[in-house]
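Protein chains in written order, with the working numbering: chain A, 1 to 109; chain U, 1 to 185.
I should point out that these hints are in silico values taken from the structure, not numbers from a laboratory.
Warning: the hint list may mix true and false statements.
[Claimed, not checked] Partner residues aside, some chain U positions facing chain A, computed with beta carbon under 7 angstroms:
1) Leu104
2) Phe150
3) Gly151
[Unchecked claim] Stretch-level coverage of chain U by chain A, calculated; a stretch enters the list once three of its residues show a Cβ under 8 angstroms from a Cβ in chain A:
4) 128-140
5) 153-167
What you are looking at is a predicted structure, and each value in this text was computed from that prediction instead of being measured.
We put the CB at the ideal spot given by N, CA and C, even for glycine.
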Amino acid sequence: MKKISIKDDFSSTPGARYYTDGEFSGQEFRDEKLEPKFLGLSDGEKLLVDLDGTSGYATSFLEEAFGGLARKHGSKIVLSALNFLSNEDPSLIQEIESYIRNCKTGKKL
Amino acid sequence: MKYFFVALFSFVVGIVFFRFALIAAPLSNAFWDVNAGQLIQPVVTLFVGCVFAYFVPDLVGKVKRRREIQSDEINHLLIALDEVVQLGTDYFSSPSKKLEGPILASLKDLAKKIDFVKELHALDPIPCLSGKDMDLAHLEIKILLTDSPFGSTTRDFSANRVSDFSNKCAEFRRNIAKSRYMLFI
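Using the sequences provided together with the hints, build the complete structure.
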C-alpha cells in the first residue's frame, strides 16, 4: 500500500479550492501530489491518505482535491483505490467519501 | 459490611436493654418464647435498611458524578461552537486571510469535542443527543463557512449563506444546551 501524508508531503496548513485562492490549494494538492500517486498505483493497490497533523481542512480544499479526482476518474474507482487515516477527526473520512460519491452533482451532503 | 454488624449489634443490645428497663425485673421464661418469624423480620428489615442507607447514596453519587462529567464536556463543546460562531461572524462581516487559519483550527477543535461527547454518549446515553445529528450539524456549519468562496480573493458570500450559517449554529447550540439541561432531570 502506498501512502501520502498531507502534512509531510504537502502542507500543514492546507488552503482553499483553486490555485488562484492562494498557497496550498486543493487543486494544487490534487494535481501535484494526489493524482500522480493515484495514477502510479498498480492493479488492486491502494493509496492511504493520512489526514492527521494539519491545522484543519476547508470544505473547498477537500471537495476540489478528492471530489475533483473523482470527477476525472470516476467515483467508484477513486473510492476503491483510496483509504483514509484520520485519528484526530474521524468525521473527515465520511465527509471526503461524500464528496467523492456526490462529485458529479456537486451536492455536498 | 462492618456497618451492618455494628447496626445489628446495636439493635440486639437495644432490644435486650429495653426489655430489662421496662420490665425492671428478672427476665421471665416467657421472654425467650420468641418464634423465628419475629426474630427474622426485624433482622431482614434492618439488613434492607442498611443496604439502602449504604449502597443507594453511593450509586446515586456515582450517577451524579458521571452526569457532571458529561455536562462539563458538553460545556466545552458549547465553548468550541461559540468560538466557531464568533470567528465565522467576523469573517463574514470582514473576510480576511488572517482569519482563515483560526477558523479551520476552531472547526477541527469542535470536531474533536463532538467526538469525545459521542464517546461519553456511547458509554452512558445522554438524553436528547444524537451523534449522527451532531456530525451532520458540524458538517453543515463547516460547508457554509469554508466552501468556496472561502479563501478566494473575492470572498463574496451571499446574504442567504450568512443567515443559514447563523441559523444552523443557533439550532445546533440549542440542541446541545437542551441535552445538557436534560442531564439533570
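Here is what the structure says about each hint:
Taken as an interface hint, Leu104/U checks out: its beta carbon lies about 3 angstroms from the nearest beta carbon of chain A, inside 7 angstroms. The criterion of a C-beta within 7 angstroms of any C-beta in chain A is met by Phe150/U, whose closest approach is roughly 5 angstroms, and the hint holds. At its closest, the beta carbon of Gly151/U sits 2 angstroms from a beta carbon of chain A; the interface hint therefore holds under the 7 angstroms criterion. Check on the region 128-140 of chain U: 5 of its residues sit with their Cβ under 8 angstroms from a Cβ of chain A, so the three-residue criterion for coverage holds.
With 1 residues having a Cβ less than 8 angstroms from any Cβ of chain A, the region 153-167 of chain U misses the three-residue criterion, and the hint is violated.
Violation of the numbered hints given earlier is confined to hint 5; every other hint is satisfied by the structure.
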